[in-house]
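Novice: Please build the complex by placing chain C on the supplied structure of chain P, with the hints as guidance.
2 protein chains.
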Amino acid sequence: MNPIRVTQFGLGPIGQACVKVLLQKPGLELVGGIDVDPQKVGQDIGEVCGLDQSLGMAVRGDGAAALADWRPQVVVHTTFSFLDHIEEQLATIIRAGAHIVSSSEELFYPFQRDPEFCQRIDALAKQHGVAVIGTGVNPGFSMDILPLCLTGVCTEVSKIVATRVVDTGQRRLPLQKKTGAGLSRQEFEERLAAGRFGHIGLRESALAVMDTLGWPVDEIEESIRPVIAETEMTTAFLTVEPQQVAGLRQIMRVKSGGQERLVLDLQISVGAKEPHDRVEIIGDPPFSMRIEGGIFGRTATIAALVNTIPKIINAPPGLRTMMELPVPHAFGR
Amino acid sequence: MNPIRVTQFGLGPIGQACVKVLLQKPGLELVGGIDVDPQKVGQDIGEVCGLDQSLGMAVRGDGAAALADWRPQVVVHTTFSFLDHIEEQLATIIRAGAHIVSSSEELFYPFQRDPEFCQRIDALAKQHGVAVIGTGVNPGFSMDILPLCLTGVCTEVSKIVATRVVDTGQRRLPLQKKTGAGLSRQEFEERLAAGRFGHIGLRESALAVMDTLGWPVDEIEESIRPVIAETEMTTAFLTVEPQQVAGLRQIMRVKSGGQERLVLDLQISVGAKEPHDRVEIIGDPPFSMRIEGGIFGRTATIAALVNTIPKIINAPPGLRTMMELPVPHAFGR
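Residue numbers (the numbering used here), protein chains in the order written: chain P, 1 to 333; chain C, 1001 to 1333.
Hint data in this document are derived by calculation from the structure and do not stem from the laboratory.
Note that the Cβ used here is the ideal one computed from N, Cα and C, for glycine as well.
No incorrect hints appear here.
So the derived label-pair ranges between C-beta atoms look like this:
#1 P:274 <-> C:1097: 53 to 61 Å
#2 P:26 <-> C:1112: 17 to 25 Å
#3 P:286 <-> C:1111: 33 to 41 Å
#4 C:1084 <-> P:258: 46 to 54 Å
#5 P:158 <-> C:1293: 16 to 24 Å
#6 C:1223 <-> P:84: 52 to 60 Å
#7 P:184 <-> C:1259: 49 to 57 Å
#8 C:1223 <-> P:24: 28 to 36 Å
#9 C:1111 <-> P:119: 37 to 45 Å
#10 C:1111 <-> P:251: 41 to 49 Å
#11 C:1273 <-> P:26: 40 to 48 Å
#12 C:1097 <-> P:71: 37 to 45 Å
#13 C:1194 <-> P:172: 57 to 65 Å
#14 P:219 <-> C:1313: 26 to 34 Å
With a straight-line cut-off of 16 Å between C-alpha atoms, the simulated EDC-like cross-links for lysine to aspartate or glutamate are:
#15 C:1020 <-> P:284
#16 P:20 <-> C:1156
#17 P:177 <-> P:241
Pulled out of the complex, with its shape left as it was, chain P reads as follows (with noise of 0.2 Å):
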């Protein structure tokens, strides 16, 4: 069998850790590497990855016509969270008949978000014969395929709680400021009230369970609150001194019949304790499952998208989802 030619669109720490992952992934080539960071286009990828070789192709930053010299068959996306900044990315690639899998965090499900943006994409997709999909590890598997599969054994279930805790610490410095570390309570107010702050994707995982779940949403309440640091807490990049802000913790409540029946519960702060991935059902029969430590979120998301590639290929055209697709699992060695 050929390779799947593959080219990674947004060449940040993320899309240099797919490069990583690509290049040792048996069934795939990695053909290209495509930036708008005028100090990225024209190096050469291997480098700009940190790799310590050269791998003889420099970053464009032409999509459209890199993307017809390469014609790569799928494009692994790592650019922008938001649905708007991401469309006309999306809509190049579509045209260079490339299928997607984007770590876009607002395309795991981006029904309710923006359904003319659904129709378009959805569309232009049929119109190419490709598909376009959006994963990672949250969302895209701890809060909500994860919660999803568990219900498969379920004959019946009245509510899910899924509580995620990850301790920023040990994480990049991006992930650390995101969610706030260093702030004061005011400025983190002042954050949140400009809004697209907080952690970015909770609304699409609450709303791909209830719909998968054939549940209807009544009412979806979220609060995003700082967690506030006790103590000086140092991590490799800044310090949060007492009483500032350590990070964020953020819960989603969805009501359907009157009942409270989803609930996702995230906490990312620097020094958070007992970091782990939970989750509860309610139902026939109860069970509790728990990843002590949790599912590092990094190299998770970065697996979701590389997982998915054999996948999408065999998707059917359009804009689809997780919960469509197979059973997500590694591949390879």
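Specialist: The following block gives chain C in isolation, referenced to the frame of chain P:
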């Protein structure tokens, strides 16, 4: 949308419990029950299943004629574990034009055990435009679909260890008997030597995981040994004396490329300590999932069967596996 017409084939304890769940699910309509037991044939299905109400449908023993009358879209098949015992039943159902969801453990992944059986069933199913699948909790979930799903967030996996400990003390007599409870050591060894003893389907789980991950199987080593009671234990059905068999421990170790890469470790015994399900992924990221108390197997198997109904009607015709269907999940209410 019209409800999916479902017939229950096999009205033993699992089949009876399926009927109860089928009746509760929106979107499903029970259209008859089949069993060969002359004590059941002619009785009302509601009575046979221990319901309070009559369903106005008599159990029939004449499979082909009954199916021709009822014209179900899906048959839930819960009769035997072994391929050679079910082939004729499957063929009858396929010829009646119904999709099949079966609890037969060997049908979960039958390709290595009996390739000719697979060819025959696959060809017949394609000829009649229906899909055939085997599922349940084990095989079907705890030691195959769930571990596979967890690897979906791994960039690489070097080894998987899945453990399931089931305390049969609160379970039905057939499960206690099937796992040797109350036998002497010698009787246990004799049963083992006679063959077809022990948990059915562990090999199927192992092969499904190996093949799906693309790991060639060098060597499979399976051991079954008795769990010996240290003290007297009494269940609702039997008493296990000290030094008698309380149940069994069955371990499957699979090597690929000279390395042990998959271990399935199953203990099913009266009084088993700390029942649980556990999956350890040695990979990147490494993590370990635990379900304290374990997933209650009987309900989980019924759920796996019923939850597969809405998926099998959309599957391509032929002999299918749970790895090909979308992520499993509950539905309704």
